[in-house]
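Enquirer: Sequences listed follow chains A and W, in order. Residue numbering for the first sequence follows the working numbering, beginning at 3 and increasing consecutively. Residue numbering for the second sequence follows the working numbering, beginning at 5 and increasing consecutively.
Among the clues, some could well be false.
With a Cα cut of at most 20 Å, we get these calculated SDA-like pairs of lysine to any residue [what the hints assert, rightly or not]:
| # | chain 1 | residue 1 | chain 2 | residue 2 |
| --- | --- | --- | --- | --- |
| 1 | W | 46 | W | 110 |
| 2 | W | 46 | A | 58 |
| 3 | W | 97 | A | 57 |
| 4 | W | 97 | A | 58 |
| 5 | W | 46 | A | 9 |
Partial list, computed: chain A residues near chain W (C-beta under 8 Å) [stated by the list, open to error]:
| # | residue |
| --- | --- |
| 6 | 44 |
| 7 | 71 |
| 8 | 96 |
| 9 | 110 |
None of these hints come from the bench; they were simulated from the model. No experiment lies behind these values; they were computed from the predicted model shown. Note that CB positions come from ideal geometry on N, CA and C, so glycine has one too.
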Amino acid sequence: ETGVTQSPTHLIKTRGQQVTLRCSSQSGHNTVSWYQQALGQGPQFIFQYYREEENGRGNFPPRFSGLQFPNYSSELNVNALELDDSALYLCASSLIIDRDYGYTFGSGTRLTVV
Amino acid sequence: QKEVEQDPGPLSVPEGAIVSLNCTYSNSAFQYFMWYRQYSRKGPELLMYTYSSGNKEDGRFTAQVDKSSKYISLFIRDSQPSDSATYLCAGSKAAGNKLTFGGGTRVLVKP
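Using the sequences and the hints, build the whole thing.
Expert: The structure is reproduced here in structure tokens:
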């Protein structure tokens, strides 16, 4: 299977709840990154996983956490949801070969916190 | 101050015109520079990436990077209505590192 797939596509949660978003990386890619994109803004880096270990984190609080599985699929978990967490959450997978970027984004999960 | 700045637009051009997009950045450690296109309700799609300074051409697209002035550009020749989208520039310190995006420029190509 080619491409990066994310699920669900849309989600509505209540403030204080917890949410899990899922990502299936492009075949052969071993690195996955998560980004948050607020309406009208560019994506903001949350964290990256390489070979199931966190490999870099942006300026997000610990209630944002993640996992990467042996098959390179990934989860983003957000606890204690706040209204400002409403955004498009993007997963991107990559395979670094020399200077070939190969960074592929999924279509995202749109999370609304009410 | 954001690390990568873009004019949010919208930039409206007639079909067939050249679209000129620009970004400035402040992080001298950036070595890779990318342009992504994002349609409404879709994820960003990589158009071009450039390593260090210089020009790169791919079909109707030309990317330019001037590290001395911390300025990156994207030119779209013979623009089509299907080019109407938001264009995001991004910088990165190394291959595989996090991408730092600008806020995006919305482009409208009118038939």
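Enquirer: Going back to the hint list, which numbers does this structure go against?
Expert: 2, 7
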